[in-house]
Amino acid sequence: MAHSGPMTDWRKAKLPVFAFLAPATIIYTLFMIYPLIDSIRLSFYTTPSGGEMAFVGFDNYRTILGDPDWSATFWNSFWNNMKFFAVHMLVQNPIGIALAGILSLPQLRFRNTYRTMMIMPTMLSVVIVGFIWQLILSPVWGVGVDILDIFGLKSLFGPWLGKEGSALITLSFISVWQWVGIPLMLIYAALLAIPDDLVDAAIVDGATHFEVFLHIKLPLVLPTVAMVSILTFVGNFNAFDLIYAVKGALAGPNFSTDIMGTLFYRTFFGYQLQLGDPSLGATVASLMFLIILAGVLFYLFAVQRRLARYQL
Amino acid sequence: MMTKNIRREDMSRAAIVHAILLTYTLVALYPIFLVIINAFKSRKGIFSAPMSLPNAETFSLEGFTKVLARSNFELFFFNSFTVTVVTIVIVLLLASMAAWALSEYKFPGNTWLALYLAVGIMVPIRLGSVSILNLIVELGLINTLTALILVYVAQGLPLAIFILTEFMHQIPKDLKEAARCDGVGEFKIFFAVILPLIRPAVATVAVFTMIPIWNDLWFPLILAPGDGKQTITLGIQQFIGQYVTDWNAVLASLSLAIIPILILYLIFSRQLIRGLTSGAVK
Numbered sequence: 001m002a003h004s005g006p007m008t009d010w011r012k013a014k015l016p017v018f019a020f021l022a023p024a025t026i027i028y029t030l031f032m033i034y035p036l037i038d039s040i041r042l043s044f045y046t047t048p049s050g051g052e053m054a055f056v057g058f059d060n061y062r063t064i065l066g067d068p069d070w071s072a073t074f075w076n077s078f079w080n081n082m083k084f085f086a087v088h089m090l091v092q093n094p095i096g097i098a099l100a101g102i103l104s105l106p107q108l109r110f111r112n113t114y115r116t117m118m119i120m121p122t123m124l125s126v127v128i129v130g131f132i133w134q135l136i137l138s139p140v141w142g143v144g145v146d147i148l149d150i151f152g153l154k155s156l157f158g159p160w161l162g163k164e165g166s167a168l169i170t171l172s173f174i175s176v177w178q179w180v181g182i183p184l185m186l187i188y189a190a191l192l193a194i195p196d197d198l199v200d201a202a203i204v205d206g207a208t209h210f211e212v213f214l215h216i217k218l219p220l221v222l223p224t225v226a227m228v229s230i231l232t233f234v235g236n237f238n239a240f241d242l243i244y245a246v247k248g249a250l251a252g253p254n255f256s257t258d259i260m261g262t263l264f265y266r267t268f269f270g271y272q273l274q275l276g277d278p279s280l281g282a283t284v285a286s287l288m289f290l291i292i293l294a295g296v297l298f299y300l301f302a303v304q305r306r307l308a309r310y311q312l
Numbered sequence: 313m314m315t316k317n318i319r320r321e322d323m324s325r326a327a328i329v330h331a332i333l334l335t336y337t338l339v340a341l342y343p344i345f346l347v348i349i350n351a352f353k354s355r356k357g358i359f360s361a362p363m364s365l366p367n368a369e370t371f372s373l374e375g376f377t378k379v380l381a382r383s384n385f386e387l388f389f390f391n392s393f394t395v396t397v398v399t400i401v402i403v404l405l406l407a408s409m410a411a412w413a414l415s416e417y418k419f420p421g422n423t424w425l426a427l428y429l430a431v432g433i434m435v436p437i438r439l440g441s442v443s444i445l446n447l448i449v450e451l452g453l454i455n456t457l458t459a460l461i462l463v464y465v466a467q468g469l470p471l472a473i474f475i476l477t478e479f480m481h482q483i484p485k486d487l488k489e490a491a492r493c494d495g496v497g498e499f500k501i502f503f504a505v506i507l508p509l510i511r512p513a514v515a516t517v518a519v520f521t522m523i524p525i526w527n528d529l530w531f532p533l534i535l536a537p538g539d540g541k542q543t544i545t546l547g548i549q550q551f552i553g554q555y556v557t558d559w560n561a562v563l564a565s566l567s568l569a570i571i572p573i574l575i576l577y578l579i580f581s582r583q584l585i586r587g588l589t590s591g592a593v594k
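Going line by line, the protein sequences match chains A and B.
Letter 22 of the first sequence, counting from 1, is numbered 22 in our numbering, and no numbers are missing.
For our numbering, count along the second sequence from 1 and bump the result up by 312.
Just so you know, the hints here were simulated from the structure itself, not pulled from any lab data.
C-beta atoms are modelled at their ideal positions from N, C-alpha and C, and glycine is treated no differently.
Be careful, since some hints might not be right.
Result set (DMTMM-like, lysine to aspartate or glutamate): computed pairs, CA atoms no more than 20 Å apart in a straight line [unchecked claim]:
(1) A:K12 with B:E478
(2) B:K500 with B:E489
(3) A:K14 with B:D558
(4) B:K485 with A:D9
(5) B:K488 with B:E478
(6) B:K378 with B:D558
(7) B:K418 with B:D322
(8) A:K12 with B:E489
(9) A:K12 with B:D494
Covered stretches of chain A, as calculated for chain B (at least 3 residues, CB under 8 Å) [unchecked claim]:
(10) 14-20
(11) 80-91
(12) 240-249
(13) 278-287
Modelling step: build the complete structure from the supplied sequences, incorporating the hints.
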């Protein structure tokens with residue numbers, strides 16, 4: 001966005017400038033930046049129960065990545081999280097883009113109504129969404145079977161959330177159902193910003209709306225698509241509520257739905273017989289931070305820079 | 313003849329488009345609809361005819377009476393309401409002040425401060441939970457709504473400042489200059505001239521701040537899990553964990569959590585989208 005920088009010299013208004021900036025900066029620093037940095041510091045210490053905090057260097061990292069039990073748990077949750085992310089990228093974002101494309105067609109009736117309705121699940125709490133689908137997919141209630149029966153697919157129904165092989169995929173789809181609204185909203189907004197004359201010219205030349213979308217509109221909104229992808233990545237690697245609500249902190253069956261967020265919670269707070277360990281919790285959080293940072297840097301340097309060239 | 317063909321083609325194309333949109337709308341809404349209609353049925357009605365609307369025979373409010381009798385639902389609702397409203401007011405005030413200073417005044421380190429404040433858009437605050445818990449314990453704020461408000465303000469500020477800064481760059485220079493020529497003070501320019509001008513962006517920011525706070529499970533679970541300080545999301549989670557086999561109560565509690573958000577959303581959705589499409593978010 002091209003805009004002129006700040007204009008007024010601050011020396012004419014030192015007190016106001018300070019008063020405007022200080023409250024936000026102080027609260028943000030104290031409750032966000034300081035905890036993030038302090039968390040990384042804590043990951044280099046150990047806190048034995050009742051004892052003094054002691055510096056242990058990279059020992060906590062060695063435990064989580066080197067100890068056979070810990071590393072198996074860690075990598076299990078990492079790969080589960082990658083699968084969770086992959087489903088969002090392959091299902092949620094294409095559906096969101098397609099729906100945004102359809103909604104931005106000229107002369108579409110009920111556009112606003114459709115849009116409002118389709119974004120509704122995004123507004124609900126992840127916990128509520130988890131419970132809604134748990135009920136619908138419950139073999140006890142059987143409404144899931146009834147719905148499949150309408151399409152003659154009754155035989156496909158199974159206790160998807162309860163089986164090791166399908167629980168994670170099912171939860172990923174539940175999450176996709178909820179979050180489709182994000183790509184839908186952001187890409188729709190970007191599509192609306194495309195000047196009409198670009199599209200009109202192509203239509204006059206005989207292109208169909210689908211061709212216009214594929215060859216003109218989509219390339220123009222690629223930066224937004226990239227932004228949606230990185231938001232998906234950060235959101236997915238920070239997810240917790242859905243798994244916790246549906247599967248509890250143990251992310252069953254047999255840890256098949258364990259992701260980074262649930263691992264962090266269990267390590268930090270403990271579960272059943274294992275006690276929580278703040279230092280190891282901070283270590284898991286720091287590893288999550290590294291993963292998210294890697295994703296964000298990849299986006300900033302590899303993706304966004306390359307895409308900027310196509311911007312109008 | 314030709315125009316007629318084109319007409320027909322247009323009609324069938326429109327039919328396909330609406331069929332796709334209707335199908336997805338159904339996918340998005342039917343699960344919510346299903347939960348709400350079954351909340352108004354007797355236990356027998358829930359199981360014998362889950363997909364039909366409640367009728368004279370199956371209609372029952374027993375789920376709702378159970379929820380209201382067995383849980384502190386009103387209290388949880390009040391907690392969520394307090395946390396959300398107080399946070400939004402603080403975020404909007406502090407973020408628009410900071411955004412104004414960043415967009416209006418030339419001072420050393422301006423760009424760096426803007427970048428520093430933007431870090432929180434990409435880095436989730438949850439990763440600092442271990443230290444946040446220590447901090448809240450030291451401040452003696454565990455199991456208080458204040459703890460949640462402080463953390464949520466910090467969480468909401470980065471995106472709010474970013475959106476509002478972009479928006480403030482679009483305010484015409486003449487307006488500010490005119491006020492300055494009249495000798496209006498810097499504080500008054502902000503509160504009397506600028507704040508009223510940014511109202512459309514404020515609505516968008518309010519929605520973006522509100523939704524994640526109202527829906528959050530993580531921080532209530534960690535910072536305020538008991539003592540009657542549970543938010544609605546945590547309260548529902550605990551309630552359902554306890555009464556998981558009581559279908560009436562579960563469906564009613566879910567509906568009680570869904571309905572207020574849906575009403576709020578229907579009221580504000582227009583402003584949300586307008587804010588988005590007016591270029592407030594890029």
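Checked hints:
1. A:K12 with B:E478: Between K12 (chain A) and E478 (chain B) the Cα gap is close to 23 Å, so the pair fails against 20 Å, i.e. violated.
2. B:K500 with B:E489: holds, 13 Å
3. A:K14 with B:D558: violated, 62 Å
4. B:K485 with A:D9: holds, 14 Å
5. B:K488 with B:E478: Roughly 17 Å between the alpha carbons, so the hint for K488 (chain B) and E478 (chain B) holds.
6. B:K378 with B:D558: Given pair K378 (chain B), D558 (chain B) holds - Cα atoms ~10 Å apart, limit 20 Å.
7. B:K418 with B:D322: violated, 55 Å
8. A:K12 with B:E489: holds, 14 Å
9. A:K12 with B:D494: Distance ~16 Å between K12 (chain A) and D494 (chain B) Cα, so the pair holds.
10. 14-20: With 4 residues closer than 8 Å to chain B, the stretch 14-20 of chain A meets the three-residue bar; holds.
11. 80-91: violated (count 0)
12. 240-249: Our answer is that it holds, as 4 residues pass the Cβ test (under 8 Å) against chain B, meeting three.
13. 278-287: With 5 residues in contact (Cβ-Cβ under 8 Å with chain B), the coverage given for the stretch 278-287 of chain A holds.
Of the numbered hints stated above, those contradicted by the structure are hints 1, 3, 7 and 11, listed in ascending order.
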